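S.K.: Chain residues, written in single-letter form:
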Amino acid sequence: MKRKPTATIEPKVKRRPRWTRVYVEADERDVSHLLYGPRHLRMGQEGVVRMAAIAGVGTDSAFRRRGLGRRVLARAMEEMRRDGYPSVGLYTSRRIVAHRLYRRFGFVDVARRVPRHKLLDPARFLCDALSEMIQKSAEVRRQRPAIRLTVAPYGAVAVRLEEDDAHRFSRTPRRVDLSLEMSAETFTGLWSGDVSFHYAETAKLVRWTGDAELHRLLAEALAPWHRPVEEE
Amino acid sequence: MPRSRGAFSIRSFREADEQVLAHLFNEYSAGFFGPFRVTPQSWRGQLQHQSWTGPSVAKDRECVRIAVRGEEIVGYAVTDYEPIAISKGAVIQELCVAANEDAEEIVDALIADAERRALSRGKTFITLELSAEDGHVGDVCERRGYHPRPAAPGVFMATVTDLSALLRDLEEELSLRLRESESRSWRGTIGIESGDQSCRLVVGEGAITVGAEGDRADISVSVDPEVLPLLLFGRTSVGELYAEDRVGLEAEDREAALRLLNALLPRVPLSLPRAQWW
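Protein chains in written order, with this note's numbering: chain P, 1 to 232; chain V, 1001 to 1278.
The set of hints was computed from the structure by calculation and includes no laboratory data.
Quantities reported herein were computed from a predicted structural model and do not represent experimental measurements.
Hints are all accurate, no fakes.
Straight line, CA to CA, 30 Å or less: simulated DSS-like cross-link-like pairs of lysine-lysine: (1) P:Lys136 with P:Lys204; (2) P:Lys136 with V:Lys1088; (3) V:Lys1088 with P:Lys204; (4) V:Lys1088 with V:Lys1059.
Between beta-carbon pairs, the in silico distance windows are: (5) P:Ala74 with V:Gly1211: 26 to 34 Å; (6) P:Ala74 with V:Glu1193: 20 to 28 Å; (7) P:Ile9 with V:Glu1062: 45 to 53 Å.
Which stretches of chain P does chain V cover? Using the computed rule of at least three CB atoms under 8 Å from a CB of chain V, they are: (8) 37 to 51; (9) 73 to 81; (10) 85 to 94; (11) 110 to 121; (12) 189 to 196.
Ideal Cβ placement from N, Cα and C applies to all residues, glycine included.
In isolation and in its complexed conformation, chain P is listed as follows (with noise of 0.2 Å):
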C-alpha cells in the first residue's frame, strides 16, 4: 500500500540576502513554499513604499486541500512584520483558488492587469482560431464542414478540413455549412478565456447561421471553452 505522505505541520523559514523562504516539509522535500523579498515603491514625486513582495507560492498538488499554504502565508505574514515591512504585495490570477486565501489576509486587489491586444494578421490570427474550434470536436472533425467565423471588424474568414489530413485547413471552401459571427470583444473574451462560449452563447453574444445540427456539435463542444480555476 502506497504510504500516505506526511507533512511537519509547522512551517519553516530559511533567509537568504534576497529572498526569504517560507515552507513546509514532509518526505524530507519541500511541499508548500513561499519566497518574499524587499522592493521599493515609487509613490508620486518623492514618496518610496517599502514592500515585501511574495513570489514563488506553491503547494504540491499530493498535500493540496490541508491548510498548508495558509499556514505558510501565516507564518510568511508574521515573519514579514518583524522584518519591518508596512506593506506586502503580490501579483496572482483571479481565476486561482488562492486569490481568496490572499484576501482572507487581508490583501485587496489594488491593480487589474487590462491588456489590450491588436491582431496584426486578422485573417491568419481568425483561421487559426476557427481551426482549432474545429478541432475540439471528434463528431465536427469526421464531418468535415466549411465554416465561416466573421469578427467585425477584423473581417471573414472560411475554412473546411482536408478530406485526407485531418490537421490541414482549406482557407478557401467553396460554400459554407456554417457561419458564426460576433465583436471582437466577444472574440478577444473567447479566445483568451474571459468567458465561456456558453456564456457568449447564453448571452447571445454569438450569432449563428446554417446547419442547426452542426450548430449543435459545435457550440456543444465549445461550451466549455474557457480556462477553470486553477490551483497555484
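Since chain P is already given, all that's left is putting chain V on it; use the hints.
M.R.: Frame of chain P; chain V shown alone:
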C-alpha cells in the same frame, strides 16, 4: 516644460544608451505609484535574462527600440517578440517618452515600429502590457485598434501591515502635497484608524510627520482595512470614499478637512512595468 518638436527617427539599441534610458524611465515614472527607481545597471538587469517577465536584450537587441531627435533620445519601447507561452504573439512591455510636445506621435511611432517587427517575425497579434494610466498610451492604443481585455484575471494585490511605518515612508511625499495645496497653512493633527491599526499625523510648517498617539485629533478619519491600501496607494481619494459613504470623518470644519485630505491622499496614476513584476 515640454521640449520643442522636430523630426525624430527610430533606431536600434546601443550599449551607450543605458544611462539615458534609465534616466528617461525614472523621469517618466515620477508621479506614478508602482515603478521602482532604476540605475543603468538595474535597468539593463531587467532585460538581461529571458524570463516570463520579458525579453533578453542579450539574445535580441531589437527588443529595445529608441526614438531619437538628432542625437537626443526622446523615447524608447521594449517589446518581447518571443514571450513565454505565447508563440504567435509579441508583447510591448515598456514604453517611455520624454515630455515632448509631440510625445503622442513618438508613442505612436514606437508602437507602429513594434507592430511591423512583430509581423515580420510571423506574429499574428500583439499585446500591450502597459497601464491605461500611462500618459499618452491609452489614446494612441485606441486609435491604433487595440482592444482591451477587461476580464483578464491578472491582479496586483497588497495589504498594509504597519500603518504608521507606511506613513513614515510617505512623510516627504505628503509634505510635498501639503505645500502644493491650498491647505498649506493648515496646522493640527489627523488621526487615521483602520481595523486594529491607527496613526497620528502632525501637520504644520508645511511639513507632515507621524506623531505619537495622543489626545483627540483635529480631524479623525476611519476606513475599513480593505479600503486602506486603495487609499494609501492612490487608487481612490478620500473625497470619492466620502461620497460613497465609505469613510468616517470627524472634524469641526468638514469642508476644510476634506480639502486637506483630498490634497494629501489623492488618486495617483498607476504603472506596474512588466519587467519589474516579481
